[in-house]
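A.B. asks: Construct all of the structure, not just a fragment, from the sequences and the given hints.
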Amino acid sequence: MTQSLLTPSQLSRRSLLRGAALGAGVVTVPGLLAACSGGGGSSGGSGGAKQQNITFGSNYSDPTPMKALQAVVDGYTKKSGNTVKVNTVAHNDYQTNITRYLQANPDDVAAWFAGYRMQFFAQKGYLEDISDVWSGLNGFTDALKAASTGADGKQYFVPIYNYTWALFYRKSTFQQKGYQPPKNWDDYIALAKKIKADGGVPIGFSDQDGWPAMGTFDYINMRKNGYQFHVDLMAGKQSWEDQKVKDVFGLWASLFDQGLYQPGANGRTWEQAGTSFAKKEVAMVVFGTPHVALQTPQADHADIGITPFPIIDEANGTDSVEAPIDGFMLPKKAKNKEGGKDLLKYIGTPDAENAYLKVDNSNIAVNSNADTSGYEQLQKDSAALAASAKHISQYLDRDTRPDFAQTVVIKAFQSFIDKHSKSDIDALCKSMQDQAKAIFSQPVS
Amino acid sequence: MTTVATDASSTDGRPATRPGRQVPVHKHRTRPARMVLHAFLWFMAILWILPIFLLLYASLRPYAETQKDGYFSLPHKLNLDYYSQAWTGGSMGRHFLNTLYVAIPGVIITLFLASFLAFALTRVKIPFRRTLLVLFTAGNLLPPQIIVTPLYTLYYNVHLPTWLSSSGSVYDTYFGVILIHVAFQTGFCVFVLYNYMLTIPIELTEASIVDGASVWRQYWQVILPVIRPALGALATLEFTWIYNDFLWALVLMTTGDKYPITTSLNNLKQSLYINNNLLAAAAMIVALPSLVVFFALQKQFISGLTLGASKG
Amino acid sequence: MVATPVPTAETTAPRTPAVRRGRRRRRRLETRDIIVLSVVVGLTVIIDLALIWGTSIASIFLSFTAYEGIGTPRYVGTTNYHNLFTIDPTFWPAFEHNVLWLAFLGLVATPLGLLMAVLLDRQLRFSRFYQSSLYLPVTLSFAVVGFLVQLVGSADQGVINAILGRTHGNGIDFIGNPHLNIWLALAFAGWRHTGYVMIIYLAGLKSVDPALKEAAIVDGASPVQTFFRVVFPTMRPINVIILVITVIEALRAFDLVYVINGGRNGLELLAVMVVDNIIGEASRIGYGSAVAVILLILTTGFVITYLTQILRREESR
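Chains as they are written, first to last, in my numbering: chain A, 1 to 445; chain B, 1001 to 1312; chain C, 2001 to 2317.
Hints were generated in silico from the structure; no laboratory data involved.
Mixed in with the good hints there might be a few duds.
[Stated by the list, open to error] Per the computed footprint, the stretches of chain C lying under chain A, defined by three or more beta-carbons under 8 Å from a beta-carbon of chain A, are:
hint: 1; stretch: 2088-2094
hint: 2; stretch: 2278-2284
[Stated by the list, open to error] Cβ-Cβ distance ranges computed for the label pairs, FRET-style:
hint: 3; chain 1: C; residue 1: 2106; chain 2: B; residue 2: 1088; range: 32 to 40 Å
hint: 4; chain 1: B; residue 1: 1056; chain 2: A; residue 2: 440; range: 34 to 42 Å
hint: 5; chain 1: A; residue 1: 421; chain 2: B; residue 2: 1056; range: 44 to 52 Å
hint: 6; chain 1: C; residue 1: 2126; chain 2: A; residue 2: 299; range: 46 to 54 Å
hint: 7; chain 1: B; residue 1: 1069; chain 2: A; residue 2: 299; range: 13 to 21 Å
hint: 8; chain 1: A; residue 1: 430; chain 2: C; residue 2: 2300; range: 31 to 39 Å
hint: 9; chain 1: C; residue 1: 2128; chain 2: A; residue 2: 430; range: 54 to 62 Å
hint: 10; chain 1: B; residue 1: 1164; chain 2: A; residue 2: 136; range: 36 to 44 Å
hint: 11; chain 1: A; residue 1: 422; chain 2: C; residue 2: 2170; range: 23 to 31 Å
[Stated by the list, open to error] Chain A side only, calculated, beta carbon under 7 Å to chain B, not exhaustive:
hint: 12; residue: 89
hint: 13; residue: 90
hint: 14; residue: 93
hint: 15; residue: 101
Quick caveat: nothing in here was measured; it's all calculated off a predicted structure.
We put the CB at the ideal spot given by N, CA and C, even for glycine.
C.D. replies: Here you go:
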């Protein structure tokens, strides 16, 4: 067998074997591999570098994100001359299957989420350290780098975009009725009561899907108890029976008790709540930008107002913003790691972000060198909000263990929405803490 | 009840026990009773299809319109746009083929193995009959999700040459998915067919047994034709189940391009840009093959053609 | 293999001559018969043992471990079971819902399916139409049934509320109210189950010798009497099938509630707990396996019932 007949993916498999001291007879492979990957984003068929075949695992299954991602891939293939095969799986299915996927037969680059949800797999040893890719990336803030870093201080993730959670309202309604976006919790309550007195439904709410309520909890918690408490609570270092947590539920319950929420949240999907907002049936809603934008006709986007979730404790102000980051990682079992790194390096460039956001305009760029001139007002406001933040959180189900978020928190919040008297809250917190203890007592690795 | 003596190609070539006897059964039935019966049946049928009409109606209307007026409203615009959109956008053609790669061999192998086993259990005194029966019956009582993790580990560790499987193992192959369908569904079919064969009078088959036919001939020429109604019903159900399955494909495969037709629906359903009317259109398209199979096999198990009558 | 062909008992037609039974000349199996039997039966048994039983037993072992689907399982004794019974707020509601599910299918949906099969097992005008309508729900993918439930039961846009004239924020919350949604889910479960039972029973009715019915009717029995005195008893094996199917469906129930709201908030079921813990990103595989083992124990009860049925049948030969 002569080396010139080997395809790059075989080469990398060979090098893996060699690493395991099995392919003793194979020589000079590393040299060739270096030639393959050396060119980085600009290798474009130059020199003796062989064309690489890279596979790309994607959960960008919706038409627009799929097209946007394809634009990124096209940009890369044009620049590098390599071929990329995109393997798209419906996003929930992709998430459901992630553990098995990473373990058995992953692609060379795999889509995922920043924060704890990524660190979990890094800690398990299923991701490849890509610190060397990061050393060549520019334009990312320290907060972004931190969100891409594992517990061991190495980078495992390259972000592509994020989106902000906030309080949304309709500018025209507010103008017409003389409402002001609330600055703090008291304003928020007073405004909601006024809207109610005026015959409106103050706050749209849905939690049939299980995740939308988490945003409100996170915000009340971070505004009341600060970012660090959020992180510690999510990491299992704080008790759910702590008075601080009960206070969060207490504040939240007051919104229900005073009838400020759209009733029946557990029976409403996020699309229906988004639709209510789009039809001006509800005055305000706490959501991520895309959730609101997607259910509102394009023509009305300029009418969507965005404001930080109200201040609860002045000490914390609005210093934390919930802005989940999506991006990509390199599975340890990838067959063509050099190719994967090359692609990740490209994804970390402003060009890649521009290509993506040109197609999918409901998200915002994370690379500060990206071109933001094409943003619509909602994107600009959303980006400004994220830029103002001292702390960026990733959303409850990305900041804590998946087993805790999926099997405990969702049910607990739905039960809270159903029943929220003081004694209910006490019982709920106890139950959550009992379960948290059982789950967090099992080590991650 | 009128027994229709149609099936002249008597399967075992024996003379019929009661040749072509027609019994006008409903003489005593009065017309009003018949009317009540039909009224009830119409009521049931309509109640059962009504939800599907809702889906059909939704699939013909633009999402923006139903979002504005609600689903229970008069239409302004009806068209088939979502059907073509679902077909092309969901890459349905390819996923249809993927499903057929799994469903057709799956159903055939399952029914063959199950019917032979049921035959062996009822007509040939093979050893450990009771144990085998319990083995298969109990096996299909469990929710299939239970075995996902061990099965995945098993598949992942059984190596296949790369020319057979790009992943180098049974994992991520159609073969693996077909195999687990066969394993699970055979249990159910053995159980059904075993019980079904118990209801068939032994006289139907004993002649050929006495004739000294081989076991294979008894199975192929005597038993199979006789259990056609049960096989027809099972084939219909099995096809529908395997066709609509997504669990096994999801947990035993990773390549999106190999996923079955249900993946097209999942893509639409899980979409952030969710459009339920489009989803309804896609679901209508996806339900079609199951319906075709049902209509094709319907005559095997319905419409007053009974086993006894077929002897005539 | 000492296999000899024998007639099975359970002859359903009393009029058919039974004299020859037991006296038949027994033919020894030839080598090629034994090969065919061994290969086909052996293959089926091996597939079943390896893929179903082997993996199920592995699950029992996993239920005593903590395992996240990655790495090696760690033995934790009965911790999973302890947590399940004491601190998991989902377990008991799920258990109760499974029992309710079983009762509903067994007392409402299954009898309805039987009734429809009996009514439609005849030459009747529109018979095909009736049968097809009832079978239609079985063909629908669950992905869309969730939306359908939404169409019918939603508080804001649902058909029931539209008919009741409650569309302006005062709709009955059939999906979000944890005391109501189980009934909506059961209605849809019954909607699918009826067609399913009907198909199996229709096939079963084909094996009833029409001579029996004729005889009964000639004797002046009403159709109802004919059914209960003649048809139903001769169909005991089919009745067992239907019984077992109902139990399987009730214990395995999962898809429907999963597509409605993920099987939470009033729609908890044991199989959903298995899925949540085993299949998804959560990967609490040891814990999910413990739920699975409890389901396994519940089903064993039915297997034993079934076993005694077989034993009785064998004895009566």
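A.B. asks: Please go over all the hints and tell whether each is borne out by the structure.
C.D. replies: Hints, one by one, checked against the model:
For the stretch 2088-2094 of chain C, the stated coverage by chain A holds: 3 residues have a C-beta nearer than 8 Å to a C-beta of that chain, and at least 3 were required. Coverage of the stretch 2278-2284 of chain C by chain A holds [criterion: at least 3 residues with CB-CB distance below 8 Å; count 6]. Remark: the range hint 32 to 40 Å for residue 2106 of chain C to residue 1088 of chain B is contradicted by a beta-carbon distance near 45 Å. Taken as a hint, the range 34 to 42 Å is violated for the pair residue 1056 of chain B and residue 440 of chain A, whose Cβ atoms sit roughly 49 Å apart.
Between residue 421 of chain A and residue 1056 of chain B the beta carbons are some 45 Å apart, a value that agrees with the proposed interval 44 to 52 Å. Between residue 2126 of chain C and residue 299 of chain A the beta carbon distance is about 50 Å. The supplied range of 46 to 54 Å therefore holds. The supplied range of 13 to 21 Å is met by residue 1069 of chain B and residue 299 of chain A, whose beta-carbon atoms lie about 19 Å from each other. A hinted range of 31 to 39 Å for the beta carbons of residue 430 of chain A and residue 2300 of chain C is consistent with their spacing of about 35 Å.
Restraint check, residue 2128 of chain C to residue 430 of chain A: a C-beta distance of roughly 59 Å satisfies the suggested window 54 to 62 Å. A hinted range of 36 to 44 Å for the beta carbons of residue 1164 of chain B and residue 136 of chain A is consistent with their spacing of about 40 Å. Residue 422 of chain A and residue 2170 of chain C have their C-beta atoms about 28 Å apart, which keeps the hinted 23 to 31 Å range intact. About 4 Å separates the beta-carbon of residue 89 of chain A from the nearest beta-carbon of chain B, less than 7 Å, and the hint is met.
Checking residue 90 of chain A against chain B: minimum C-beta separation of about 4 Å stays under 7 Å; hint holds. The restraint placing residue 93 of chain A at the interface with chain B holds, with a minimum CB-CB distance near 6 Å, inside the 7 Å limit. Residue-level restraint check for residue 101 of chain A holds (minimum Cβ-Cβ distance to chain B is 5 Å; threshold 7 Å).
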